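Student: Single-letter residue listing:
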Amino acid sequence: MSESIDTPVGPPIPPARQELTLVERVSSQMGISPEDYMLPAEREIRMLSPEGTLLPAEQQGTGPGHEYPIPSDEVLLEAYERLMVGRRVNDQNTALVRQGRLAVYPSSHGQEACQVAAAMCLEDNDWLFPTYRDTVAVISKGVDPLDVMVSFRGDWHCGYDPKEHKTAAQATPLTTQLLHAVGAAHAAVLRGEDTVVLAMCGDGATSEGDFHEALNFAAVFRLPVVFFVQNNGYAISVPLARQSAAPTLAHKAVGYGMAGERVDGNDLVALMAALRRAVDLARTERIPLLVEAHTYRMQAHTNADDDTRYREREEVKEWAAKDPVLRMETYLRDKGVLDEAAAARVSEHCETVAASLRDAMNADVNPDPLEMFDHVFSEPTQQLREQRDWLAEELAAEAAEGRADQAAKEGAR
Amino acid sequence: MTTVTETKPAAQSAKPAKLTFAGALNAALAHSLEARQDVVVFGEDVGTLGGVFRVTDGLAARYGTDRCFDTPLAESGIMGTAVGMALNGMRPVVEMQFDAFAYPAFEQVASHLAKMHNRTRGRVELPVAVRIPYGGGVGGVEHHCDSSEGYYAHTPGLKVYVPGTVEDAYLMLREAIDSPDPVVFFEPKKLYWSKADLDLEDLRATYESGERREGSAVVARQGTDVTLVTYGPSLPTALKAAEAAAEDGVSVEVVDLRSIVPLDDDTVCASVEKTGRALVVAEAQGFASVASELVARIQERCFHSLASPVRRVTGFDIPYPAPKLEEHHLPSVDRILDVIDDMQWED
Ligand SMILES: Cc1ncc(C[n+]2csc(CCOP(=O)(O)OP(=O)(O)O)c2C)c(N)n1
Ligand SMILES: [Mg+2]
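First to last, the sequence lines map onto chains A and B. Residue 164 in this note's numbering sits at position 96 of the first sequence; the count goes up by one each step and never skips. Residue 126 in this note's numbering sits at position 138 of the second sequence; the count goes up by one each step and never skips.
FYI, nobody ran anything at the bench for these hints, they're computed from the structure. Treat the hints loosely; a few may be bogus.
To give an idea of the interface, some chain A residues facing chain B are shown, with a C-beta separation under 7 Å as derived from the structure [what the hints assert, rightly or not]: (1) A171; (2) D223; (3) H225; (4) T240; (5) G272; (6) S305; (7) Y378.
DEER-style ranges, computed between Cβ atoms [stated by the list, open to error]: (8) D374/A to P297/B: 46 to 54 Å; (9) P297/B to V444/A: 21 to 29 Å; (10) D436/A to E95/B: 36 to 44 Å; (11) E95/B to P315/A: 24 to 32 Å; (12) V143/A to E95/B: 44 to 52 Å; (13) K385/A to K183/B: 37 to 45 Å; (14) D326/B to G168/A: 29 to 37 Å; (15) G72/B to N193/A: 40 to 48 Å; (16) A232/B to K385/A: 52 to 60 Å; (17) L122/A to D26/B: 58 to 66 Å.
Here the structure is a predicted model, which means the values were calculated and not measured. We treat Cβ as the ideally placed atom computed from N, Cα and C, and that holds for glycine.
Chain A with its partners taken away, still in its complex shape:
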């Protein structure tokens, strides 16, 4: 084979064999075995019991290579506020779908702890690559909720500027965004930027080829990417057992040469701790990591889905008892971090966001049909200009007809 075909250009490839492999180096720096570094801890990381009490250290699932300092009360209170806003946004949007104001809304009700932690573990310069279900994460990253809703209202495919917010357009074709995330991290490395990229996907999505390609690229090029998998047990109707025969999804990391960890996805404290450490490691060591959060989608896949066809009500009820909101609230109240004044402030914040969503989604905003031709290319082609003129003429004729009808009606009166 000729050399030009197989010689990659550009990206700095780590030497084929250093004295130590990356895993060996990172683990020896941490003073642990490569196995302790790469393999998930024996059980999922959990800080809070479902009742909201702090578990004793030996029950948190932590250990050598799996140490997760608990964030400060201040950070946790902020996380709680975002959690409450996230829940309110989810439920307001679900109501708006029912009222016919939104085209669709895949709710993350039950998964809000994952959503909030995914955004809060990042610094301003870090990128987020979300899916259709990650609206709350996008909002938590700082995008205006009304801009996020532009796509679900059916006005346009994405309502915010991904570059401004370092938040990619929410992706629907499953796991395609993971490769974009890896590319973005690669670009950051090439440009000498201090950027970590966090890329989200679901349990079902881990079956797609792009998932595996993304993990492999990230590991081979040693890129600072945190792959965050929300394992809610289902891909629409299909349970996890049909997606993977691995011990856990976190174990998948090992085959690519990266570390995997699993976390209680309804425990905001554990999520904050685990994701912050993953982001720190990604940044300081320039390595990818995989974090799997075990959670549950409390509602149907979307408004078009009927989940009674594939899961028992009993199971849904069991998960309701593990709700992330109540757990966090109890913990912070018992700790005295969340007092009445703080609770009132949070609830007011939630109502303000919900009211603005209601007002905006109930207003009849209609996008300009002629804009359909404006963004296909940087400059419309001749064909697009012709088609735009055709539609403009049609719209003008319709408007004139409407005016004539109106005049006739008024004349008749």
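Since the structure of chain A is provided, determine the placement of chain B with the ligands on it from the hints.
Tutor: Same frame as chain A, now just chain B with the ligands:
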């Protein structure tokens, strides 16, 4: 994500009062599973759930999970394993959940499914039916509304079917499953809940009588002045336009292609030669499309019968727009009438 409002599963009784398009497809799958043991149905959510459009409703329960089953969420995996299954004696019917989610499988389709017969000098047949719910007009968000038939029609070795009526939904899916060649079978989403007064047992008997009309177009409405050539999701729109044109004294003939590959040039040309005018109506964007191919063929074959240039009403050359804008993108009755008006009637 699915965005189309859920509707009741297809009726299972032998004589439904009204048969839906989705119900006809469901019955065609059931009857094929009964008729031959090598048929297997698989894809995402086709088992327990019965498909996001309920087209496979009840099949896993009735025929067993060896014959109708959910796969891991991987379209390339579904298509690639279908190729392997067909190579080794099975007759897979696979579902791509939505038009745009079939793209990860395209390599398997274009590089293997379409070519294997030719590569092996005819030694290997790959009787795979690929069902794809497709097209817009249902308020779906992006990636749920693509008209992707052009990609497949452009790939030699694939048959491409697009039924536009409840009857054809049944008969053509059975033909697709029985075909020795791979067939990409497009199911217009907006027609899923359309209904017809049809008896399933009659349909079954019609099909099983052995009479075949594979690859033939049909004149869906007789007329004398202009021919609308159309298929699938645009058929009802074309028929409505013909109805409206009749009120203005223009007699429109509507040809329903049904099958894009193979293409029934004879039926199309016979109609155009009779009327002297042709207008192709299709939802897909027009540039380098099935509609372009039709215009070229009509021009080549019927030039001397034409009283006016062959015209097209198609989707614009833009990515499928968001739900609030799709009505402006899709071929409408008014747009069809405007173009008919413009087809040189004065001379
Ligand atoms: C490539 C591709 N195939 C199919 C779909 C249709 N689809 C949308 S969501 C979904 C299930 C995804 O499950 P999971 O990854 O577990 O995420 P969850 O919805 O549970 O958050 C499917 C099959 C899609 N969006 N993209
Ligand atoms: Mg899931």
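Student: Indicate whether the distance between the beta carbons of D374/A and P297/B respects the range 46 to 54 Å.
Tutor: At roughly 50 Å between Cβ atoms, P297/B and D374/A fall inside 46 to 54 Å, so the hint holds.
Student: Is 40 to 48 Å respected by the C-beta to C-beta distance linking G72/B and N193/A?
Tutor: 46 Å, holds
Student: Go through the hint on D223/A and say holds or violated, using the shortest Cβ distance to chain B against 7 Å.
Tutor: 6 Å, holds
Student: Please check whether Y378/A passes as an interface residue: C-beta within 7 Å of a C-beta belonging to chain B.
Tutor: Holds, because the Cβ-Cβ distance from Y378/A to chain B comes to roughly 5 Å (cut-off 7 Å).
Student: Evaluate the given range 29 to 37 Å for the C-beta pair formed by D326/B and G168/A.
Tutor: 31 Å, holds
Student: Tell me if the beta carbons of A232/B and K385/A are separated by a distance inside 52 to 60 Å.
Tutor: Since the Cβ atoms of A232/B and K385/A sit about 55 Å apart, the hinted range of 52 to 60 Å holds.
Student: Indicate whether the distance between the beta carbons of P297/B and V444/A respects the range 21 to 29 Å.
Tutor: 26 Å, holds
Student: Next item in the hint list is H225/A. Is there a CB on chain B closer than 7 Å to its CB?
Tutor: At about 5 Å, which falls below the 7 Å cut-off, the nearest Cβ of chain B leaves the hint on H225/A intact, so it holds.
Student: Is the hinted range of 36 to 44 Å satisfied by the C-beta distance from D436/A to E95/B?
Tutor: About 38 Å separates the Cβ atoms of D436/A and E95/B, which means 36 to 44 Å holds.
Student: Cβ-Cβ distance between K385/A and K183/B: within 37 to 45 Å?
Tutor: 38 Å, holds
Student: Less than 7 Å between beta-carbons is the criterion; does A171/A satisfy it with respect to chain B?
Tutor: 5 Å, holds
Student: Quick one, is the G272/A hint okay against chain B at 7 Å, beta carbons?
Tutor: 4 Å, holds
Going down the numbered hints, you'll see the structure goes against none, and every one checks out.
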